[in-house]
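S.K.: With the hints as your guide, set chains B and C onto chain A.
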Amino acid sequence: MATEVNPGIFLRPLGMEPPPERELLCIFGTGDLGRSLGQRLLQTGYRVVYGSRRPQSCGPLPPGAQVLSHTEAAQLASLIFICVHREHYDFLETLAPQLKGKVFVDLSNNQKKDMYPDTNAEYLQRLVPGALVVKGLNTLSAWVLLNGPLAGKQVFLCGDSAEAKQAVRELATRLGLSVLDRGSLSAAREVEDFPLQLFPEWRLPLCIATGLTAFFFFYLLIRDIIYAYVEQDKDISFRIMVSLANKVFPIVSLIMLSLCYLPGVMAAILQLYRGTKYSRFPDWLDRWMLCRKQLGLLALALAFLHVLYTFIIPIRYAVRHKLISTVMKDNKSTPFYFDNTEAWATDSFFVLGIMGFFLYFLLGLTSLPSVGGSLSWREFTFVQSKLGHLTLIVCTAHGYIYGWNKFLKPSTYKWWTPPGYMLCLVVPSVVLVLKLLMVLHYIFFCICTRQTDALHHVDKSIKMRKINGTKKSRDI
Amino acid sequence: MATEVNPGIFLRPLGMEPPPERELLCIFGTGDLGRSLGQRLLQTGYRVVYGSRRPQSCGPLPPGAQVLSHTEAAQLASLIFICVHREHYDFLETLAPQLKGKVFVDLSNNQKKDMYPDTNAEYLQRLVPGALVVKGLNTLSAWVLLNGPLAGKQVFLCGDSAEAKQAVRELATRLGLSVLDRGSLSAAREVEDFPLQLFPEWRLPLCIATGLTAFFFFYLLIRDIIYAYVEQDKDISFRIMVSLANKVFPIVSLIMLSLCYLPGVMAAILQLYRGTKYSRFPDWLDRWMLCRKQLGLLALALAFLHVLYTFIIPIRYAVRHKLISTVMKDNKSTPFYFDNTEAWATDSFFVLGIMGFFLYFLLGLTSLPSVGGSLSWREFTFVQSKLGHLTLIVCTAHGYIYGWNKFLKPSTYKWWTPPGYMLCLVVPSVVLVLKLLMVLHYIFFCICTRQTDALHHVDKSIKMRKINGTKKSRDI
Amino acid sequence: MATEVNPGIFLRPLGMEPPPERELLCIFGTGDLGRSLGQRLLQTGYRVVYGSRRPQSCGPLPPGAQVLSHTEAAQLASLIFICVHREHYDFLETLAPQLKGKVFVDLSNNQKKDMYPDTNAEYLQRLVPGALVVKGLNTLSAWVLLNGPLAGKQVFLCGDSAEAKQAVRELATRLGLSVLDRGSLSAAREVEDFPLQLFPEWRLPLCIATGLTAFFFFYLLIRDIIYAYVEQDKDISFRIMVSLANKVFPIVSLIMLSLCYLPGVMAAILQLYRGTKYSRFPDWLDRWMLCRKQLGLLALALAFLHVLYTFIIPIRYAVRHKLISTVMKDNKSTPFYFDNTEAWATDSFFVLGIMGFFLYFLLGLTSLPSVGGSLSWREFTFVQSKLGHLTLIVCTAHGYIYGWNKFLKPSTYKWWTPPGYMLCLVVPSVVLVLKLLMVLHYIFFCICTRQTDALHHVDKSIKMRKINGTKKSRDI
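Chains as they are written, first to last, in full-length UniProt numbering: chain A, 1 to 476; chain B, 1 to 476; chain C, 1 to 476.
The shape of chain A in the complex, shown without the other chains:
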């Protein structure tokens, strides 16, 4: 690229060859997508000709574009955008002889996955065997082409002809797009499925969150509402709306947060046990590790709801009623003598909750693509690992303090079941104990081998490899 930028280029008399900006491109199809694409191409300095069945009556087109019949339009340009639904590709078959050697950019998308046995691009190639079909740019909608900034937007390309792909790549680069080549036309399935996917990586975490929420909701419904109704004949069903939900959300949130850190610990143990870093993890562990970000974000969403529910507590009718009736009953003994320990415990409980939510929030911020992308690798690791474990510790402590004086009271265990907050402390406690054991093991190892300075200088993965004597330690 740079080799061409030498002073000589400017001394060449102008006008000797047609300036590249005036290159003519053809668009088949005058629908929303065709029109938006044409307008954007005209803005970027290309000339555009539309191919249409009825050139006289095809509705409003961007000013500056020509409209001709398909055959005429195709002859003028070497690159043709296909902005027609797959159902109407058949007319191309009859034009096949005139389209030989042309680059076809197939931007079409289907309504749903696997509607047809083959992909649109392969079908197109079969209809016009002489064309150089490039599948791609199909993640751009008409709306984005008209309004959005395209700069840095990623688009995919695939095709069998390297030169055709190169031409499309340059055109896309000129539009400001960032192009990713996915290989030959056989990758068209993947490229066509991309705009149709609906949060695929969120499915598993959402299932886990829903399952845990449902379980704890019914568990606490039985323990709290139904127990009170059966044993004490009290109707406290109104608590379902706020009190119950405000128990379920933090419980599920804490469990899901610890599920983000459990696979890391398990993978490390597996590596220690197997004695090598280079064998593959089992599939379920791989899948789990890949959805940690989504698990964490769902946990953050539930924590956010918990915070909102907590702040709303003092305005609730039931809470105010209880406060007033406490006073009315002239039950002076309980509240009047100020219990310093109680004050310390509840305040610590709140502070740990606030700090936990604050750290949670920071973790969530670094998951924003633009924030995470601006961190160096070491910074990202620091945030996700150090800050993440700190968050887990603080939130777990928040849970422990909640029940600090209730663990040993028999009244806590209604119908012989443990309360929800006890159940939710199991997984985080296991994760933290395992993590602690691994850190202790590592420190112990360092002391034993007298490489005390290694403690500070060499990162753990290198260490592990040395422990296990793998022969791969040369390579990064």
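It is worth saying that the hints were derived from the structure and are not from the lab.
Glycine is no exception: its CB is placed at the ideal position from the N, C-alpha and C atoms.
Do not take every clue at face value.
Unchecked claim - Restraint-style ranges between C-beta atoms, simulated for each label pair:
1) C/407 / B/57: 50 to 56 Å
2) C/290 / A/198: 40 to 46 Å
3) B/274 / A/198: 58 to 64 Å
Unchecked claim - Think about it this way: if two alpha-carbon atoms lie no more than 35 Å apart in a straight line, the pair counts; the simulated DSBU-like pairs of lysine-lysine are:
4) B/153 / C/234
5) C/100 / B/322
6) B/234 / C/322
7) B/322 / B/409
8) C/409 / B/322
9) A/322 / A/414
10) C/322 / A/409
11) B/113 / C/386
12) C/322 / B/153
13) B/113 / A/322
14) C/113 / B/322
15) B/234 / A/113
16) A/293 / B/153
17) C/153 / A/435
18) A/293 / C/153
19) B/112 / C/386
20) B/153 / C/113
21) C/293 / B/113
22) A/113 / C/153
23) B/293 / C/293
24) A/293 / C/113
25) A/435 / C/113
26) C/414 / B/112
27) B/234 / C/406
28) A/293 / B/386
29) A/234 / B/322
30) A/293 / C/112
31) C/293 / A/386
32) C/386 / B/293
33) C/293 / C/386
34) B/322 / C/234
35) B/322 / C/414
36) C/293 / B/234
37) A/293 / C/293
38) A/322 / B/435
39) C/414 / B/153
M.R.: Here is chains B and C on its own, set in the frame of chain A:
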């Protein structure tokens, strides 16, 4: 581009031609911008020479750069950056003969729009007719050039010479910038106006928000504060600060949220009525649809304020005073008997509010450029349409529950006016009813034509076209 | 680039030269990084051959890649990625004759800064003098190469051979990366240090925040808790957790917010005093101005904590206890008579706090790279300057109202020390007064010179230069 990366390139003896990195560029002007630009160019591997009136006394320049007189500097380089205010372009006229064939990159900006009848770039071209003027890069400030990462930043270019633009484009790409070509030099007005615009797309939504806020503020001021003063002779003016504002904000927020979804429904009805998808919408509807994002974000901001105001309620002096005096008055009858329905109603009210805000917040998150940009088109549509309507339903229900037992009480209608929350429910209710009718119409259509499977597979827009028998269904 | 896209390119018979996608690249090292890089290169259409000491037993490699001995692999390709730890570079020395003229891309990173006297890249160049070493791409981790979108990610390059760098740049561009050339191989230190840095620009602001927090914590600990213990013999130590922290956080937050705007005012005064805009600022002022964003974000974090702490107040045991015991004591006189001024004052206090936090939050939003990047320069300046000063005014007023009726009470000055909120108002008040003086000075100047229209049209910096008669006013 790629065709040049073949093994042969490396076998060519080094040093046979001057390496491209050492290309010499000229900068006229040694102000902040000129110096920052020069420093960045030097970092990227170019050589830089400054042209100055007083080469001996032009202050600190980046190390490694030369300073010469304008004429001398211009002769050495083929590309010249003009970092001089338009008011001082006149010196270029006298140099015109020496500047023939040079590429001029005009980075200048004016202090405000329409200061001069013609653009700076066109004025420059008139002064030096032989130069190849390219307007562009003017969105880069001296600060960004010195400190910021340029990677992916979008800059605009325009100019009449394709080769000159190509040279500037390559240079900008080398700096990591993403270049958008806006066409010939006649687009310079647009390019020069860009750095001067101040939230143009926020004006209309801000006007609507301000107008609605002012209207409801005075309406509620009269109904609440002045009514109490006139009829009951009570001074409750302190309520202006929190209570009144906390009524105005949610009212305006809900109306603005529904205004985001009203134009979509209106457009769909218009299409059904006209029987075609392809006629243009009236201008006001187009304008309205283009500012939906800003409307929604302002509505979110007001909802956020509403949440903060609500959480602050129980700490307020007036609220505490009322609570204490309720108890003092020994008015035991009202609060002492616990009203289960009241508890359910208020708790549901709060839960709907929290959930509505949570959904609102998710909608707002996907408006962040980096989050929205990482969604596929189908995901973005899902969030903005499905989640958006759900938010509207939840928030409207929040409003209805607020007044569930007040609709029929005469005391609600002070001075024969309806309370604010009733007024604010009108627009959202209309939007939701119209949307419901459209969904029912669509389902009914599907059942009638026995295409029950179409209900699931074919998206609505395709459907509409079939209903209306438009001849355009072939094109995307 | 664009000059190559002319229709002729497609008429050339295919297959006459090897398509560029099939270019062969060599990777030395089969560790995590080597394997991830290979997989990504294969996806992008390159052929990949690995060089390994034991080609027969080097574990799982991406499908489609070849494995050969180092010598054999090197002979096939002209570009070799070095994915080996520096400690094991020595084997390259023995291969030096075969590696002459090859482009080496050194992706290695060390465990910490300054582990070795020279950089890895320079060491490599010394070992294989005939190779064209390019240091770069070392900010990409194995994880990002496998999973992340590379589009728009910034990578650094440096090297002595322009052609070698050009080849690597094109390859990186093909991968979607955005390349920044840092010059010759002597810049390798900087490039190698980049992935090792840990929030360097956050250090100073974090130190300031920690220092201020510690100071005010101990100051208020003495004034509040210890004073009560010593003078009144009361144990109110539980207040450390919430009440004390909720005083320290807003105090430090307000001071740090004003520290964001102090250097700007100081710089302007310095310029006025020196009579020129073009002399350099002292180093400490430069450093201060560069960390304003971080100062502001830390201030926002503390304000966020203050908000959370405030909302939690009414649920606290101590607060409820106090409320109940107030009622119990039948101390009817104080709360029963409603004090309208008190209601106005506290409500205004809360409203200013909410509005201040809201503005703070908006400022923080525009610091998100993706939001800030989508603003024009004028918009960014408007937000950071106008909105920032407004935030400072509102938050300072919030502080003043807090103490509106306490300034003159002797009981406020326990042990002759001023309360914390008074101390925290000093810096913001100074900043606001200085800013006001400068604005008044500017208005006065405009009136004096009868250029009243200049008040609206000409920006301040231009004005200043005219005042000071500097000869540089021609250049931007």
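S.K.: Is residue 113 of chain B within 35 Å of residue 386 of chain C, Cα to Cα?
M.R.: Judged against 35 Å, a Cα distance of about 20 Å means the pair holds.
S.K.: Do the Cβ positions of residue 274 of chain B and residue 198 of chain A conform to the proposed distance bound of 58 to 64 Å?
M.R.: Violated - the Cβ-Cβ distance for residue 274 of chain B and residue 198 of chain A, about 32 Å, lies outside 58 to 64 Å.
S.K.: Has the given pair, residue 293 of chain A with residue 112 of chain C, been kept, meaning a C-alpha gap of at most 35 Å?
M.R.: 28 Å, holds
S.K.: Holds or violated: residue 153 of chain B with residue 234 of chain C, Cα cutoff 35 Å?
M.R.: Violated, at roughly 61 Å.
S.K.: Below or equal to 35 Å on CA atoms is what counts here, so check residue 293 of chain A against residue 153 of chain B.
M.R.: 27 Å, holds
S.K.: For the pair supplied as a hint, residue 414 of chain C and residue 153 of chain B, is the alpha-carbon distance within the 35 Å limit?
M.R.: 56 Å, violated
S.K.: Hint check: residue 293 of chain A vs residue 293 of chain C, CA-CA at most 35 Å. Holds or violated?
M.R.: Holds - the C-alpha atoms of residue 293 of chain C and residue 293 of chain A are around 27 Å apart, at most 35 Å.
S.K.: Measure nothing beyond the straight line between the CA atoms of residue 234 of chain B and residue 322 of chain C; if it is 35 Å or shorter, mark the hint as holding.
M.R.: With Cα atoms ~30 Å apart, residue 234 of chain B and residue 322 of chain C stay inside 35 Å; holds.
S.K.: Hint check: residue 322 of chain A vs residue 414 of chain A, CA-CA at most 35 Å. Holds or violated?
M.R.: 23 Å, holds
S.K.: Just to be careful, I want the Cα atoms of residue 322 of chain B and residue 409 of chain B compared with a cutoff of 35 Å; is the pair within it?
M.R.: 24 Å, holds
S.K.: Are the Cα atoms of residue 322 of chain A and residue 435 of chain B separated by 35 Å or less?
M.R.: 43 Å, violated
S.K.: Take a quick look at whether residue 113 of chain A and residue 153 of chain C sit within 35 Å of each other, Cα to Cα.
M.R.: 31 Å, holds
Violated hints, in rising order: 3, 4, 5, 12, 13, 14, 15, 26, 36, 38 and 39; the structure is consistent with all others.
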